[in-house]
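Novice: The task is simple: from the sequences and hints, build the whole structure.
Top to bottom, those sequences are chains Z and W. Position 155, counted from 1, in the first sequence is what numbering that gives the first Met the number 0 calls 154; the numbers after and before it change by one each time, with no gaps. Position 400, counted from 1, in the second sequence is what numbering that gives the first Met the number 0 calls 399; the numbers after and before it change by one each time, with no gaps.
It should be emphasised that the hints constitute simulated quantities derived from the structure, not laboratory data. Positions of the beta carbon are idealized from the N, C-alpha and C atoms, including for glycine.
Residues of chain Z clear of chain W, computed beta-carbon distances all greater than 10 Å:
#1 ASP6
#2 GLY213
#3 GLY265
#4 GLU280
#5 ASP281
#6 PRO288
#7 GLY356
#8 GLU359
#9 GLU392
#10 ALA414
Heads up, incomplete: computed chain W residues facing chain Z, CB under 7 Å, no partners named:
#11 LEU38
#12 SER43
#13 SER44
#14 ASP46
#15 TRP59
#16 GLY60
#17 ALA62
#18 ALA86
#19 SER87
#20 PRO91
#21 GLU121
#22 ALA141
#23 VAL142
#24 ASN351
#25 GLN399
#26 PRO455
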Amino acid sequence: MQPDTTDLQQLADDAVALVAERGRAVAGDATVEGIVRATRTRLGVTRFANSFVHQHVGEDTTEVELVVAVDGRTASTSTTRTTAEELGELLDAALASALEQPVDPHWPGATPPAEVVGASRFDAETAEADPTARAELVRAFVDAGAGLDAAGYVDTDASWVAIATTAGQRAAGASTRATVDGIHQTPTSAGSAHQTSTRLGDLDGARAGTIAAGLARDAADFDDLDPGTFEVVLGPEAVATLLTFFAVYGFNAKMHLEGASFVELGAQQLDPSLTILDDPEDPRAVGLPFDAEGSPRRPLTLVDQGVSAALAHDRRTALRAGATTTGAAIPGGESIGAVPLNVRLLGGNRSREELIGGVERGLLITELNYVRVLEPKTQQATGLTRNGTFLIEDGAVTRAVGNLRFTESFLEALAPGRVRGVGADDRLADGEFGPGMVTCPSLHLAAFTFTGGARG
Amino acid sequence: MFEHAARAVEAALAAGAAYADARVVIGRSERLDAQDGELQAARSSVDAGVGVRALVGSSWGFAATSALGDDAAAARAGAEATATAKASALVPGRGLELADVPVVEDSYETPHAENPFAVPLEEKVGVVVGATQTMRAVPGVAVATAQLLFWDVEKWFVSSQGHRIHQHLVESGCGMDATAVGEHETQRRSYPQSFGHVETAGYEMVREADLPGNAQRVAEEAVQLLSADPCPAGELDLILESSQLALQIHESVGHAVELDRILGWEAAFAGTSFLDLSQLGSLRYGSELMTITADATIPRALSTFGYDDEGTPAQRVDIVREGTWVGVLSGRDSAHLAGVEPGGMVRGDGFNRMPMVRMTNVGLEPGEGTLEDIVADTKHGVEMRTNRSWSIDDKRLNFQFGCELGWEIRDGKRTRMVRNPTYTGITPQFWSRLDRLAGRDEWRPWGVPNCGKGQPMQVGHTGHPAAPARFRGVRIGVGG
Numbered sequence: 000m001q002p003d004t005t006d007l008q009q010l011a012d013d014a015v016a017l018v019a020e021r022g023r024a025v026a027g028d029a030t031v032e033g034i035v036r037a038t039r040t041r042l043g044v045t046r047f048a049n050s051f052v053h054q055h056v057g058e059d060t061t062e063v064e065l066v067v068a069v070d071g072r073t074a075s076t077s078t079t080r081t082t083a084e085e086l087g088e089l090l091d092a093a094l095a096s097a098l099e100q101p102v103d104p105h106w107p108g109a110t111p112p113a114e115v116v117g118a119s120r121f122d123a124e125t126a127e128a129d130p131t132a133r134a135e136l137v138r139a140f141v142d143a144g145a146g147l148d149a150a151g152y153v154d155t156d157a158s159w160v161a162i163a164t165t166a167g168q169r170a171a172g173a174s175t176r177a178t179v180d181g182i183h184q185t186p187t188s189a190g191s192a193h194q195t196s197t198r199l200g201d202l203d204g205a206r207a208g209t210i211a212a213g214l215a216r217d218a219a220d221f222d223d224l225d226p227g228t229f230e231v232v233l234g235p236e237a238v239a240t241l242l243t244f245f246a247v248y249g250f251n252a253k254m255h256l257e258g259a260s261f262v263e264l265g266a267q268q269l270d271p272s273l274t275i276l277d278d279p280e281d282p283r284a285v286g287l288p289f290d291a292e293g294s295p296r297r298p299l300t301l302v303d304q305g306v307s308a309a310l311a312h313d314r315r316t317a318l319r320a321g322a323t324t325t326g327a328a329i330p331g332g333e334s335i336g337a338v339p340l341n342v343r344l345l346g347g348n349r350s351r352e353e354l355i356g357g358v359e360r361g362l363l364i365t366e367l368n369y370v371r372v373l374e375p376k377t378q379q380a381t382g383l384t385r386n387g388t389f390l391i392e393d394g395a396v397t398r399a400v401g402n403l404r405f406t407e408s409f410l411e412a413l414a415p416g417r418v419r420g421v422g423a424d425d426r427l428a429d430g431e432f433g434p435g436m437v438t439c440p441s442l443h444l445a446a447f448t449f450t451g452g453a454r455g
Numbered sequence: 000m001f002e003h004a005a006r007a008v009e010a011a012l013a014a015g016a017a018y019a020d021a022r023v024v025i026g027r028s029e030r031l032d033a034q035d036g037e038l039q040a041a042r043s044s045v046d047a048g049v050g051v052r053a054l055v056g057s058s059w060g061f062a063a064t065s066a067l068g069d070d071a072a073a074a075r076a077g078a079e080a081t082a083t084a085k086a087s088a089l090v091p092g093r094g095l096e097l098a099d100v101p102v103v104e105d106s107y108e109t110p111h112a113e114n115p116f117a118v119p120l121e122e123k124v125g126v127v128v129g130a131t132q133t134m135r136a137v138p139g140v141a142v143a144t145a146q147l148l149f150w151d152v153e154k155w156f157v158s159s160q161g162h163r164i165h166q167h168l169v170e171s172g173c174g175m176d177a178t179a180v181g182e183h184e185t186q187r188r189s190y191p192q193s194f195g196h197v198e199t200a201g202y203e204m205v206r207e208a209d210l211p212g213n214a215q216r217v218a219e220e221a222v223q224l225l226s227a228d229p230c231p232a233g234e235l236d237l238i239l240e241s242s243q244l245a246l247q248i249h250e251s252v253g254h255a256v257e258l259d260r261i262l263g264w265e266a267a268f269a270g271t272s273f274l275d276l277s278q279l280g281s282l283r284y285g286s287e288l289m290t291i292t293a294d295a296t297i298p299r300a301l302s303t304f305g306y307d308d309e310g311t312p313a314q315r316v317d318i319v320r321e322g323t324w325v326g327v328l329s330g331r332d333s334a335h336l337a338g339v340e341p342g343g344m345v346r347g348d349g350f351n352r353m354p355m356v357r358m359t360n361v362g363l364e365p366g367e368g369t370l371e372d373i374v375a376d377t378k379h380g381v382e383m384r385t386n387r388s389w390s391i392d393d394k395r396l397n398f399q400f401g402c403e404l405g406w407e408i409r410d411g412k413r414t415r416m417v418r419n420p421t422y423t424g425i426t427p428q429f430w431s432r433l434d435r436l437a438g439r440d441e442w443r444p445w446g447v448p449n450c451g452k453g454q455p456m457q458v459g460h461t462g463h464p465a466a467p468a469r470f471r472g473v474r475i476g477v478g479g
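Specialist: Structure (structure tokens):
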């Protein structure tokens, strides 16, 4: 299986030609524009629970998404029915819909030609992976925790995307991702491990299973801790969850334009030890070098040594703000806004042991779970710890504790002076909302507020 | 389309499946979003394809293709589903069997008065644009949004046991919210509830919801919240209006009684449940006022249909009866494993997602009286309206909810509006404190259109009928 996108590019080009042809027929002399995005997805997921594979799924789907504008009146549509006849019918309906809309004041026009220089990261082995290849990784994960109860998934995801616009932009590429994400459980505890890469061959099921099993065994005999404010060492998965919220609610230019983002450009809002990028050029980055509008994705420094430095823009928000797109358009961005998809918190120089060694009395937290923002501007959020929570005393992990509920402002948790150490263990860390979006290390924070124990 | 699905099933069986079923699904959706008096997006979609499920030993295999109408592609998907299930033998478990259900040939259509796709676009645009214009005109409102959402789904289900079921499901929804931005925080009010309200109904539900008629009030409340006092903290009586109670039911009852979670099938992602099947029939879930049913036959509720995606008829199942846990949400495989009757609760999100246990209309049976009666009978408490945030642990035991608006109640009267109201609790302890429940006149079939579960993620549409209720001595006002 190859990263060849010739067929999809032809599909996108044909659809763009159809936009012009049908547009003339439906809208006469009106200015008709269009953005076409053709995607083929080949996804395989092998799920396991109670230490055996129970659900094993695969799909191969082709979809065309169309944005059309008639004299600035816009409509969007998508379909998995992609013959010329079916696309023609859909396009006619979209054009008719657009004609009935009021003028879209934020329509930036169809994406103009812009060179896409970044490379797609595509691995043929990952794209071709069959169910047995995934099941073998599951086998290794399960076997690494003898006597424990394993659950999780291994997946392989390949996408081929081609974009064409009536303004002349053409972009195409293919990407792959593979993830092993699982837990081992004792009757009283669970431990987790995650690995994500653009290459299935990078995944090590046995190593992931060993980590998860170790955490589960270490956490099996635990005491509940009274809630309060503690120093914490957050593992990469926990940090990834914080960064995901920053990306969606903070660095999103639409949220900023509407006054709901915490970001104050030029202000020292985070600790000077923190530099956050949107970095599609990181060799570990998952995804394509162009965004949903077909614009090249640009590396962007969002936070420079704690100073809020930039926002993620698509062409809509860029028009509103008088800025330039950063290539952060996502499907549905008219409503959601622009989101950085390769968030990267630069790693530091502390080993995990050194981070723990710097804690007088605090908590080591593997993951956060079911986190929801109570207030976007302050980033006040609540959620729980999961899959391994441990007490640190005098620089050493002393015992496991029960899961805790936190209620904390993520902005305050990372504020100047609140970050006591940045780990050197930066990697693709799968936060609560899916794999492949965040690369980050562990962090030692001065204070994190817990408001209850998971058991009451 | 039945024949197309049958090709997939035949191929799965020929490849060695013990059982197979297939769904041809053609789903249409339309969504209109307006913001600040302007139409923000008009989106439509057509998702069509065939998904086939094959059972071999202890594992399901599932394959889907969007090449609808291509019998050879359907057959390839069937064979692939079986091959995928067979690959699972590398990590095998105990063999799965299916509980018996009636084998039927039937059809079902959502009763609806007005096809939402046939309503002129101009009229629909007018509703959302007009509502946001009204909200945005209120001084202090920074952002006003409104949405209309419509789904029209046709499914053809064929099983190797002989099912042939055609369904045509129609869903309509609407919602709006106003956000006021202060120096340090934002405040939001939504209507009819957060994230929009959806029903199995036609455009008539949009007319009845009357977004334009409620826009002024919603916007004014958002602005008032910016200067409202903070919610008091302490152990107080909590009154929940019905849409927040619906989400409370969803999170702390609906998910907890999903049999796949109880059996550990969702442990790694969604989590498990604090419930153990050995407690079924004896565990005290709540007070005697607590009677919960899962009923897929309630008119207009969001999870009302004719058959689930395994061909099991829609039905009403008792979940909690007068405070005692008596039932679960199940499918044919999980029901057989647990030794219970299959409840017809297995559904997939489109043709390309494997059906799994999903809530139907999991609701709290009504009591007597009204919300005003409950307020008048409360000495000191907080009434909370409309969800703003929700979080619950992986066993569905420890929850924390935030609401958009609160009213402090003293001596039977609403004395002041309070902002950022939150409450927290432990599921069975919380439900044991239910002591007042309003009657059927205030019982509404709320819908949750954004329930995430499964890998790959599936978005489910669930229903939660509820009336306002009071809980005694709840921990209110959880701060950071």
